[in-house]
Amino acid sequence: MFGDYSIGDLGSIFVMQGFAGLILFSVYVLMALGLAIIFGQMGVINMAHGEFMILGAYVTWLTSNFFQSFLPSLFSGYFFLAMILAFLASGALGMLVEWALIRHLYKRPLDTLLATWGLSLILQQTYRSVFGPREVGVELPQWMLGSLKVTDSIEVPINGVFVMGLTLLITTAVAYVLYKSRWGRQVRAVVQNRIMAGAVGINTEKVDRYTFGLGCGIAGVAGSAFTMIGSTGPTSGQLYIVDTFLVVVFGGAASLLGTIASAFSISQTQSTLEFFMSGSMAKVLTLLAVVGILMLRPQGLFALKVRK
Amino acid sequence: MIITSRFFNRSELIGFVALAVVLFVILPLLLDVFRLNLVAKYLTYAFVAIGLVLCWGYGGILSLGQGVFFGLGGYCMAMFLKLEASSVENTKIQSTPGIPDFMDWNQITSLPLFWQPFHSLTFTILAIILVPGLFALIIGTAMFKRRVGGTYFAIITQAVAAILTILIVGQQGYTGGINGMTDLRTLKGWDIRPDNAKIILYFVEVVLLFACIGIAQFIRLTKLGRILVAMREQEDRVRFSGYSVANFKIFAFCMAAVFAAIGGAMFALNVGFMSPSFVGIVPSIEMVIYTAVGGRMSIFGAVWGSLLVNFAKTSLSESFPQLWLFGLGGLFIAVVLAFPNGLSGIWQDYVQPRIDRLLAMRKSKPKNGWRDNSVADGAPAE
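The listed protein sequences derive, respectively, from chains A and B.
For the record, in the first sequence the residue sitting at position 22 is 22 according to our numbering, with numbers rising by one throughout.
For the record, in the second sequence the residue sitting at position 102 is 102 according to our numbering, with numbers rising by one throughout.
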């Protein structure tokens, strides 16, 4: 397996594959963060999460087209506006969905799964009708193309570095909002005991709506970031939904740290394995390992100890 | 509820007779062979749906991986048929005659070891039952013994469905890859492709379906069925009463898996091929929706649900391909929000009372059919 490579080559391979893994890790974290909030905190299985992500990607694509045609001078900075728009669009749609659909189903978690799956089919078909069935790619501004040369044999792409930085920023922001702000305290209180939280004066319905909206909004940003490294089609969201759920479950549903740790281990395993075997076998082995570990340790890596 | 001495109560008997008449008499008389074969294809999903009634409706265990068992059963059958279709005479143009064509295309020169036993029909039939059954036993034991259930179980079974699909697609030389196993011809020398064979296979399938309905009904009526319902409603109380909750769940899950596998095997026979597009996440969830539309508490409802949803799918996607996904998505949401008990719930709540009242007026003596009131709002929380 290793025979043909010298020690130095192997080192570079591991660094490069490790970096590819880090980009995958960033995407996983961004996708899983929104889901960790919705599934981990609220217990709602949102099968349409991928479609919220794709909405963000399409918003980014629209923004980039808009800037290209009308404001080419500002094109290099369009991405920041696109991400904000993606967050707002997905978040608004999320709050609408929570109001119309999810709030009726809090006591039936398995049914939210079916209903949101129906929602995801409708959204997919909407995207197909509006944007066409073909995948669309976003034109990146000049400064995001190319790669940084670290040593002679190690190069890292700039857009990857950007996605990683973005992930770090958003994760920190979410952690701050959830664990330091007053609103985050309310969210956690509602999660732990809805009735008691209501009794001490928290407007639980409002907290639910904003929590769901926040989760969907982050999915939108994830989709926006995703356009930098891949193209977007109406069904792209479905490809990632299982991976994302596994990341959240593997990490231990209610733990933000667990989500990050599990995204890291899953993405690193997969990208390292990918170098030695075909992509599909790497994926099978990774998922099998995750499912196997979950069978031995169903509570995930980091379990929150709560009295039920 | 005590065990009823009669196998079916009156309203169930009506349902049974109606279904039997439609499947055995009306459909074969009305439809041409092509349409009848389509019905046979739809009915293969009814096997899965009946299994889901037992494990989801009664046991409260939602599995999003029924496609896995459907696929395992189907692939076992397809492997046998494929081997028979790739005899040395049929495949003499290949570089290695006597192995399935897709192996030859993928530069495999001898039959892999795990394919060898599928030369035997007895082994194949045993495998159709045992492979999915054992697989379900392993998953079920690992999950339910550790008291994992509800949403976690759903997600993990879904992941298993994803893994199996990727594996089948990736290992093209051993499984036929994304195209699946096509060009299945004969069963023990009997050609399964001509029209009269399709009609015979249809009737074989309907007989098997009624056998499964009978088994499911039997399980429902015994103490086992009552414990399943009790477990879904108040798992802890059942556990405190001294029952091993995990074992009952494993049993229900295994039964559902075996039913799904029989459906899959019939699919390979009736449709003439098997491919990973019937294994993955999307088909697995569609199987759940057949059950939900028919009514997750009703065995007959599940059969009707599979027939109607698939019929709607075929006719809508033939004429309005765009509309179909909107329709299916809307159906999911409507069933969950407005009709948690599906068609059978609508029947029991709106149609049945009217009929009863009508009969009562005639006989001037009210006689209410026994109704299942145990479901108010669907599956419980974890």
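Hints are supplied without guarantee of correctness; some may be wrong.
What the hints assert, rightly or not - DEER-style ranges, computed between Cβ atoms:
(1) S319(B) x L96(A): 49 to 55 Å
(2) A173(A) x S319(B): 47 to 53 Å
(3) A211(B) x F275(A): 48 to 54 Å
(4) D349(B) x F66(A): 50 to 56 Å
(5) L358(B) x G132(A): 51 to 57 Å
(6) S317(B) x L74(A): 41 to 47 Å
What the hints assert, rightly or not - Which stretches of chain A does chain B cover? Using the computed rule of at least three CB atoms under 8 Å from a CB of chain B, they are:
(7) 21 to 35
(8) 102 to 110
(9) 114 to 122
(10) 244 to 250
Said to hold, decoys possible - Residues of chain A placed beyond 10 Å of chain B at every Cβ, according to the derived structure:
(11) F39
(12) K149
(13) I158
(14) L257
These are computed hints drawn from the structure, not numbers from a lab.
In this text, a Cβ means the ideal position worked out from N, Cα and C, and glycines have one as well.
Failing hints, ascending?
1, 7 and 11
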